[in-house]
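K.L.:
Now for the letters of each chain:
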Amino acid sequence: MARLKPGSDLLGSLQEIVGREGVKAGVILSGVGLLGEARLRNCKSLPEKYPITDENRTYLSFSRPLEILSLSGNITMAEGNPLVHAHVTLSHVEEDEIGIIGGHLIEGCVIFGFAEIILMELKDIDMEKNYDKETRTFQLFA
Amino acid sequence: MARLKPGSDLLGSLQEIVGREGVKAGVILSGVGLLGEARLRNCKSLPEKYPITDENRTYLSFSRPLEILSLSGNITMAEGNPLVHAHVTLSHVEEDEIGIIGGHLIEGCVIFGFAEIILMELKDIDMEKNYDKETRTFQLFA
Amino acid sequence: MARLKPGSDLLGSLQEIVGREGVKAGVILSGVGLLGEARLRNCKSLPEKYPITDENRTYLSFSRPLEILSLSGNITMAEGNPLVHAHVTLSHVEEDEIGIIGGHLIEGCVIFGFAEIILMELKDIDMEKNYDKETRTFQLFA
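Chains as they are written, first to last, in our numbering: chain A, 44 to 185; chain B, 44 to 185; chain C, 44 to 185.
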């Protein structure tokens, strides 16, 4: 359980926690709180063959109050370091209309106030991501 | 694991369960089901300084079928009572268009049919929210 | 923890895993990944009385890159077989606009690349769905 402080970067804080606590495998059970800014990665097109590269992606920034509706993902080991892979759903409101955005969590999602995060460490599970030659990506059980 | 009955208030039922079971710390692992009505709180503006007050918030009501896509949050102790802090994502459909809404869970989200909720109690973790003088709010680890 | 392979059906894979592993009760803790196609069920109208039937439902198909923002739900036993009940939230992007869809997970959600799923088996909990005469549906604790 962690309470992230005002002005913290959401992904940066998660990475800092799992690094400090030495979490080698885990799952994000819950995340609630408010952001003042967000930056999200989404996929705009599919390549003929995996992997996805930055040509297939869009990075969008938002500057407004955004409630964290869901934060889900996992912690694995990649190249010797714990890696947080998380996706997020966010809500905002304007003129009594609720809008929802979301995507792959990247740096640039900044906590306004506090956020309450619950991570669960998974013991005795090998969640090491290894290099998969075929797709040229780091993958679990590759 | 709880099955909420037709006509139950979602937040009210969660509060009733954690109160009855004496849950002092916990996490909402999953919630699926259908609502017939919803009421959600969102943040429309950021104050210069934390905390958020009702001047910064919008309360919106919906009367239509809404699938619970995600229900996440935690149970902590505040002023001696278990407090459910949850956010919810909901879907509806009209003329073959899916719309998504969400926000902070407040009273007024009414189950149509049944909802299946899974809570996990966290033992040996102090999740007491105490009064934080600086922000004039109840906060974990304040 | 499971890594679903390219071209896998999301619901079909989950059903295959819980069947193979003999999971009788469980919860989906996390699911992140990318779909190339999706098919979702939503509720468009409420009947006067439970249950919901196909007259109240809409089935919509999507063919585009869709990030899995949240995947939540449970595994119970129904008529002697493990049953995955899951809801999903998905994001896509077009012309720098993020759109969100979601609903009840049905067959037709196809993984592009890989998806990382974390399920938790619940032991010593009876999550058998039995026939409830009043609503003519299978329900927990009926």
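No wet-lab data here; the hints were simulated from the structure.
There may be inaccurate statements among the hints.
In this list, chains with the same sequence are indistinguishable; a pair is considered to hold if it fits within one copy or across any two.
Lysine to aspartate or glutamate pairs mimicking EDC-like chemistry, simulated, CA-CA at most 16 Å apart [stated by the list, open to error]: (1) Lys-172 to Glu-64; (2) Lys-176 to Glu-122; (3) Lys-87 to Glu-137; (4) Lys-67 to Glu-138; (5) Lys-48 to Glu-59; (6) Lys-176 to Glu-164; (7) Lys-176 to Asp-97; (8) Lys-166 to Glu-122; (9) Lys-92 to Glu-150; (10) Lys-166 to Glu-80; (11) Lys-48 to Asp-175; (12) Lys-48 to Glu-80; (13) Lys-92 to Glu-122; (14) Lys-48 to Glu-122; (15) Lys-67 to Asp-169; (16) Lys-87 to Glu-140; (17) Lys-92 to Glu-80; (18) Lys-48 to Glu-177; (19) Lys-87 to Asp-139; (20) Lys-87 to Glu-138; (21) Lys-87 to Glu-98; (22) Lys-87 to Asp-167; (23) Lys-87 to Asp-97; (24) Lys-176 to Glu-150.
What you are looking at is a predicted structure, and each value in this text was computed from that prediction instead of being measured.
K.L.:
Give a verdict on every hint.
P.N.:
Hints versus structure:
no., hint, verdict
1, Lys-172 to Glu-64, "neither (19 Å within a copy, 23 Å between copies)"
2, Lys-176 to Glu-122, "within (15 Å within a copy, 43 Å between copies)"
3, Lys-87 to Glu-137, "between (26 Å within a copy, 6 Å between copies)"
4, Lys-67 to Glu-138, "neither (44 Å within a copy, 38 Å between copies)"
5, Lys-48 to Glu-59, "within (13 Å within a copy, 30 Å between copies)"
6, Lys-176 to Glu-164, "neither (29 Å within a copy, 33 Å between copies)"
7, Lys-176 to Asp-97, "neither (19 Å within a copy, 46 Å between copies)"
8, Lys-166 to Glu-122, "neither (19 Å within a copy, 33 Å between copies)"
9, Lys-92 to Glu-150, "neither (27 Å within a copy, 23 Å between copies)"
10, Lys-166 to Glu-80, "neither (34 Å within a copy, 34 Å between copies)"
11, Lys-48 to Asp-175, "between (37 Å within a copy, 13 Å between copies)"
12, Lys-48 to Glu-80, "within (14 Å within a copy, 34 Å between copies)"
13, Lys-92 to Glu-122, "neither (24 Å within a copy, 40 Å between copies)"
14, Lys-48 to Glu-122, "neither (29 Å within a copy, 22 Å between copies)"
15, Lys-67 to Asp-169, "within (8 Å within a copy, 24 Å between copies)"
16, Lys-87 to Glu-140, "between (25 Å within a copy, 10 Å between copies)"
17, Lys-92 to Glu-80, "between (33 Å within a copy, 15 Å between copies)"
18, Lys-48 to Glu-177, "between (41 Å within a copy, 13 Å between copies)"
19, Lys-87 to Asp-139, "between (29 Å within a copy, 9 Å between copies)"
20, Lys-87 to Glu-138, "between (28 Å within a copy, 9 Å between copies)"
21, Lys-87 to Glu-98, "within (9 Å within a copy, 34 Å between copies)"
22, Lys-87 to Asp-167, "neither (37 Å within a copy, 44 Å between copies)"
23, Lys-87 to Asp-97, "within (10 Å within a copy, 33 Å between copies)"
24, Lys-176 to Glu-150, "neither (28 Å within a copy, 30 Å between copies)"
Violation of the numbered hints given earlier is confined to hints 1, 4, 6, 7, 8, 9, 10, 13, 14, 22 and 24; the remaining hints are satisfied by the structure.
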